[in-house]
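In case you want the letters, here they are:
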Amino acid sequence: MIEVGERFTDLCRALNRRELGEIELYVKEGRSHRVELCPAGRGGRRFEVRSEEAGWAVRAGGRSGSLFACGTGLPEPAGPWPDARGEPLQLPATRPAKAAPADGGADAEAPLIVESEAIDRLEAFVRTLGRELPGARVVRAVLDDGLSRARLLSSRGMDCAQRHRAAALYLEVVAGGQRRAAQLAARTAAGFDLEALARRFATLLTVARDGVGAAPEATEMVLAPAAATRLLAGLLPLLVGGDGWRIARQVGGRPGRIASDLVTVADDGSLAGGVFQSDTDGEGVPTREVVLIDAGDYRQPLLSWREAAPARGESSGCMLRPSWRAVPEPGPTHLYIRPDREVAPADLVSSVSRGYYWLDVTGGGSFDPAGDRFELPVCGFRLRRGKASEPVAAARLQGSIGALLRGITGVARDLTFYPHGHLLGAPTLLVEKLELSAAER
Amino acid sequence: MSFSSIETLPIARSLAQIADRRDDLAEVYLERIEEVVVADDRWTPGVAVRREQGFAVRLVRGGATWLAARDGFDGERFAGALRQAARALPSASYSIPRLRIPPAGGPVSAPEVIEFDSLLRRSLRAHHVAFPLRVEARRHRRELQIVGTTLVPESESELYYSCRLETPWGVSGSVLTELDRAAAERLAASLVAAFRGSKAPAAPGGVQPVVLGPAAAAVFLHEAVAHALETDTLALEGRPEAAIGIRLGSGDLNVLDDPAGAPPGVRRRTDDEGMPVVRRWLLFAGEVRQPLADQLAARGSERLIPGAGRRSNRYFPPVPRSTHLELAAGAHAAPELLAMADGGLYLPEATAGTLDPHTGEFRLRLPYGHRIRGGKIGDPVGPLVLSGRVAELLEAVSGVGAEAELAGAGGCAKGGQRLAVWATTPAVALRAVQVSR
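Just so you know, the protein sequences line up as chains A and B, in that order. Residue 770 in this note's numbering is what sits at position 170 of the first sequence, and the numbering runs on without skipping anything. Residue 989 in this note's numbering is what sits at position 369 of the second sequence, and the numbering runs on without skipping anything.
Fair warning: there could be bad hints in the mix.
[What the hints assert, rightly or not] The calculated EDC-like cross-link candidates involving lysine to aspartate or glutamate, where the alpha carbons are at most 20 Å apart (straight line), are: (1) Lys1034/B x Glu857/B; (2) Lys1033/A x Asp861/A; (3) Lys996/B x Glu1023/B; (4) Lys1034/B x Glu772/A; (5) Lys819/B x Asp968/A; (6) Lys1033/A x Asp972/A.
Read the hints as simulated data drawn from the structure, not as lab findings. None of the values given here were measured: they were computed from a predicted structure.
Produce the complete structure using the sequences and hints provided.
Take a look at the structure:
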């Protein structure tokens, strides 16, 4: 646990003199190790960055308003404190206080990846890709492994500790004039299977190179997790924040019914093994699983404790604080479509007599939950009698978001998380009668 | 904020211990950052302030770079970072310089940031329009000092502002040199035009002539010329020097990067590697003269000149980027440019541009435009996208305006690093470009 000594008491005295009674101190220390290879081009380049960070943040409020200040090291009672203005600060009550170090997972204190191992792993990706798809070039491969610990104290008696462990991977590859990039997250650098990723990139680039276009039609489609999580990202306005109720009414069919009964969507900051697994959120409020869509019925959007009372939904610890520099804001931690342990992805693919299997998206697409419309550029394979018959380089899924959610007829077991601003997870999905149009390659 | 009290000689001596091969490059980058944010957001307290300081030790050997970054300043941290950058054992002994730099102090005072929201709303009311608007205003201050083994340039400082505006039709961002009444009126006029554009009929698609106003031309040139001529981008396809002498665009294009000619708050004498900045002709009469290079690119080359190394903070190594682009003014008055593009579109502003360095495909997003009819600016049209291959777009330039204006080209993100970039450009006419919705 980070020791702050009498610093918090001294801060409270100094801020009380400015008539600020609601006070919160957050301190965080972290280490990270980033290795970046840029093998394409002249000679290739390699960067290794080791960072050690130590910072603090103070929120304080009173009748005159509120302030936020942050900096490196530990805060001095003298500030820097801007004048408080705007809305008063509301801090959560003491209920969830935890003095003992939080369990951020068994691997929270595992050593960071060393330079030679990181380079070996990234070079294995380069080699495997070269073998699977001759001519493909890795433009940039970045492996970032980090750990941190934090402590949160407040004038309402909060005193909790947090530990986090997270690794990020960015890969960018070109082949035959086509470029593909992917960003992934895991608890540690060892959580990435780089050889499997190389094979996946080779498949996607082969589809882009050899694939045909798609003719407009409405048919059955299988969405791999990479494509399904992008759909989930487009649905965030429906799933997070007080506006979700209104959007659900626009998207839904009969009252409360928003998706097929195979669809359950939840957010869970305490998800065991999750990248951001934590007992408490960025304000020290306990995290837990909150079901947002339950077997097709819209229950509620994800709500912080401040939003829950006026919106009459259940709250959870969902205030995100990715860094000591950030003001806490509500958002999903691990938001996912619940998988069906009994169904293999191959079962869904083999069940399609005539349709498509979309492996990934090829662009951002557009989502208008309020207008109940979406468009998403995808690539993958045409399916005939349950087998891939032809690669499809570019197609565009489009139509009504409500029809898409109600048309889900299969959910597989392969829940996979992708970082889309937030960490979103989905298994392979089978959707009936999704509209398809041609797209530019 | 000042690094004047720093004793650079012991630091340089320590660096010389780790740069023990002939071509090694070693340096320390020290920075202090202050950011003040005021936003009308339910989650953001009235005023938010961030004050941070730290440093990074960098060692470059051949094609490898090792960087060790720390928050705060002190000798122990410095010695630890030195060991990490040199990949030395903990027992390795390096001389520990005294690195006591007084913390940046003083009360936080930012009345211009606090008052900007009401200035902007007052300016909007003068246009007799109303729409939901969320304003986030920021003041950015940075001071940096580079210490090398043989080179210790003077410290540099930057002060500028940024503004993020959320409206029902989208989010836009601007970088500004001042946050005053004039800036509020400019932003209000831009918001009103975008509001009317959001209600306007869709832009006609297809290939047509266009005139880019100075603000849109700034984003266009930043993406199509500056990014295309960064040595790390050029290295993806071969030797960066090989680009010198290649014709990239119309003979009307004379584009340079001049950090010393940037607006006063962000004017630079040296880059983020401590190298003197140069008035660098990127394109002269449409021909590539001198790509944007940092020390890493220039070390092995007789033709590349360093001085364009930039870094967003201590956690990243420097990369070649532009600071302040200038497009040399042409001979055409505004009516002449409009006459050149009669029947096409006048596009005053751009919200974002992207360049795929592998394919040369370029896209410029514009929040609205106006039809050009009879050589005059006519009815507004809705959001649109201008696209094509960079070389074709630059070759399509048919005229350059006579009056250049300073425009913040915006916040530029590449390789995880976000930087403010600036430009001084006149309007530009393009004879035939692809426009889509």
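Here is what the structure says about each hint:
Taking the CA atoms of Lys1034/B and Glu857/B, the gap is near 18 Å; set against the 20 Å cutoff, the hint holds. Restraint check for Lys1033/A and Asp861/A: satisfied, since their Cα atoms lie roughly 17 Å apart, inside the 20 Å limit. Taking the CA atoms of Lys996/B and Glu1023/B, the gap is about 18 Å. The hint holds against a cut of 20 Å. For the given pair, Lys1034/B sits about 13 Å from Glu772/A by alpha-carbon distance, which is consistent with the 20 Å threshold.
A hinted pair counts as satisfied when its Cα atoms are at most 20 Å apart, and Lys819/B with Asp968/A qualifies at roughly 17 Å. Of the supplied pair hints, the one linking Lys1033/A and Asp972/A holds, its CA atoms being roughly 16 Å apart against a limit of 20 Å.
The earlier numbered hints are all upheld by this structure, with none contradicted.
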